[in-house]
Amino acid sequence: EAPRVPAHRSPPPLPSRLGGPCEGEMVAASIPETMRAFVVEDGTATLRSDYPVPRPGADEALVRVLRAGICNTDLELLKGYKGGFRGVLGHEFIGEVVSAASRPALVGRRVCGELNVSCSSCHNCGRGGTIARNHCLKRTVLGILNHDGTYADYLTLPVANLHAVPDGVPTEAAAFVEPLAAAYRIVEQGLVRSEHRVCVLGDGKLGLLIAEVLSRQGLASKVTLFGRHASKAALLGDAVVFHESPREATALPDELRGAFDVVVDATGTVEGLKMAATLTMAMGTIVLKSTCASQATIDTSAFVVQELNIVGSRCGPFPEAMKLLEDGSLDVSKYISAVFPLERVAEALEMARSRGCLKVQLAIAPSELSAATGEPPAKRPRAGPS
Numbered sequence: 006e007a008p009r010v011p012a013h014r015s016p017p018p019l020p021s022r023l024g025g026p027c028e029g030e031m032v033a034a035s036i037p038e039t040m041r042a043f044v045v046e047d048g049t050a051t052l053r054s055d056y057p058v059p060r061p062g063a064d065e066a067l068v069r070v071l072r073a074g075i076c077n078t079d080l081e082l083l084k085g086y087k088g089g090f091r092g093v094l095g096h097e098f099i100g101e102v103v104s105a106a107s108r109p110a111l112v113g114r115r116v117c118g119e120l121n122v123s124c125s126s127c128h129n130c131g132r133g134g135t136i137a138r139n140h141c142l143k144r145t146v147l148g149i150l151n152h153d154g155t156y157a158d159y160l161t162l163p164v165a166n167l168h169a170v171p172d173g174v175p176t177e178a179a180a181f182v183e184p185l186a187a188a189y190r191i192v193e194q195g196l197v198r199s200e201h202r203v204c205v206l207g208d209g210k211l212g213l214l215i216a217e218v219l220s221r222q223g224l225a226s227k228v229t230l231f232g233r234h235a236s237k238a239a240l241l242g243d244a245v246v247f248h249e250s251p252r253e254a255t256a257l258p259d260e261l262r263g264a265f266d267v268v269v270d271a272t273g274t275v276e277g278l279k280m281a282a283t284l285t286m287a288m289g290t291i292v293l294k295s296t297c298a299s300q301a302t303i304d305t306s307a308f309v310v311q312e313l314n315i316v317g318s319r320c321g322p323f324p325e326a327m328k329l330l331e332d333g334s335l336d337v338s339k340y341i342s343a344v345f346p347l348e349r350v351a352e353a354l355e356m357a358r359s360r361g362c363l364k365v366q367l368a369i370a371p372s373e374l375s376a377a378t379g380e381p382p383a384k385r386p387r388a389g390p391s
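Take 6 as the starting number for the sequence shown in the numbering used here and just add one per residue.
Heads up, some of the hints might be wrong.
FRET-style restraints, in silico, Cβ to Cβ [as the list claims (entries may be wrong)]:
(1) Arg319 x Ala235: 25 to 35 Å
(2) Ser226 x Thr49: 48 to 58 Å
(3) Val246 x Ser125: 37 to 47 Å
(4) Ser359 x Arg319: 25 to 35 Å
25 Å max Cα-Cα, derived PhoX-like pairs, lysine-lysine [said to hold, decoys possible]:
(5) Lys237 x Lys328
(6) Lys227 x Lys237
(7) Lys227 x Lys339
(8) Lys339 x Lys237
(9) Lys279 x Lys237
(10) Lys227 x Lys328
(11) Lys328 x Lys339
(12) Lys279 x Lys227
No wet-lab data here; the hints were simulated from the structure. Think of the CB as a built atom: it goes at the ideal place given N, C-alpha and C, for glycine as much as any other residue.
Turn these sequences into a full structure, and let the hints guide you.
If you want it as C-alpha cells, here you go:
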C-alpha cells in the first residue's frame with residue numbers, strides 16, 4: 006500500500022548565510038519551527054507539514070536538504086526491516102549548511118554527510134579510525150536508527166560527519182557520494198589486488214557503482230558483472246564483461262565455476278550467496294555488500310571445504326568517492342531514473358520499487374524543483390542549440 010501523503014506547505018526560506026557577530030550560530034528568529042518531513046510511525050508513512058525542525062547541538066550543524074536519494078534500505082525499512090523504523094526516512098543527501106556554531110566556515114557550503122553518528126566514548130570509538138567511523142557501539146544512524154533522516158527540509162549531523170562538496174560537482178551527482186563511498190569501501194579494505202579476477206553479482210544501483218569503482222583499480226582483467234539486464238551493464242560501456250545471471254547457481258557455466266579470486270555479492274539474496282560460493286576459487290574471497298533481510302538456511306560446506314574468506318563490507322570513505330566525482334571520470338547522472346519533488350514521495354517510492362529502476366532522487370529544496378519531473382534526465386529538455 007502506497008504511503009498516505011496529505012496536503013502540505015513549504016517552509017519559509019532561509020538565508021544562505023547568517024551574518025553579524027553570531028555567524029555560524031543558529032538564530033532562532035530565522036529558523037522555522039516546523040517543516041515538511043516524510044515520517045514513519047507505527048508502520049505508517051506520512052508526509053507531514055508540521056514536523057519540528059531539528060535543533061543542532063553544540064558540535065552539530067543544521068543542514069537544509071537540497072536532494073535526497075532513495076536507497077533499497079529505505080524500502081526495506083518501510084517493510085519492517087530490522088524491526089521497523091520510527092522517524093524521518095532517508096540517508097543519502099546533499100544539503101547546504103544553515104548553522105554550525107563550532108565550524109562557522111561551513112555555513113552556506115554544500116555538504117554531504119556520513120550516516121553513522123558516533124558516541125566518541127565507547128571502546129570502538131576509543132580505537133579511532135574506521136572501526137570508530139563504522140562501528141560505534143552506541144551509534145545512531147541517519148534515517149536508519151534513532152536519527153531523523155533526509156526526506157525532510159532540514160536535518161542535523163555532527164560537523165565531524167560533514168564533507169564539503171567541491172564547486173565543480175553537480176548537486177545531482179553529489180547525492181551519490183554515500184553509495185559511491187560504500188562501493189569504495191571494498192578498495193579501502195584492501196580486498197582487491199591488480200592480479201585478481203573480480204566478479205560482481207547484481208546489476209542494481211549498488212552493484213553498478215561497485216563495478217564502476219573496481220574497474221578503475223588497474224585490474225589485469227576486466228570486472229565480470231552478473232545481472233538480469235544487459236541494458237544496465239551497457240551503462241558501463243566496455244569496462245565490464247556481462248553475463249546474464251541464471252536463476253540458480255547450478256546453472257552457472259562450467260568455465261566460470263571457481264574462476265574468480267574475489268566475488269562481490271550485491272544481490273542481497275540467499276541465491277546470490279550460493280552463486281558467489283560457486284564462482285569463487287579455493288581460498289578466494291566473497292564480499293557481502295548487501296544484507297539479506299529474509300531468514301534462510303544455507304549449506305556452509307562449500308565455504309569450509311574451499312576455505313573461502315567471507316568479508317562483510319559496509320560504509321566507506323567519502324573523500325575517495327568525492328574525488329571520483331570531482332575529476333569528471335565518473336558520470337553518475339546516467340544512473341538517475343527519475344527525480345520527484347518531496348510532495349510526490351509516494352510516487353517516487355513506488356517507482357524505486359519497480360523492476361529495472363535505478364536511482365530515484367527527491368528534489369527537496371526549491372532550487373531543485375526544476376529537475377523534479379518524475380522522468381529520467383535524458384527525457385527532459387536540455388538547454389543549448391538544437
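Hints and how they fare:
no.	hint	result
1	Arg319 x Ala235: 25 to 35 Å	holds, 29 Å
2	Ser226 x Thr49: 48 to 58 Å	holds, 50 Å
3	Val246 x Ser125: 37 to 47 Å	holds, 45 Å
4	Ser359 x Arg319: 25 to 35 Å	holds, 26 Å
5	Lys237 x Lys328	holds, 24 Å
6	Lys227 x Lys237	holds, 17 Å
7	Lys227 x Lys339	holds, 21 Å
8	Lys339 x Lys237	holds, 10 Å
9	Lys279 x Lys237	holds, 23 Å
10	Lys227 x Lys328	holds, 22 Å
11	Lys328 x Lys339	holds, 18 Å
12	Lys279 x Lys227	holds, 23 Å
Violated hints are absent here; each numbered hint is respected by the structure.
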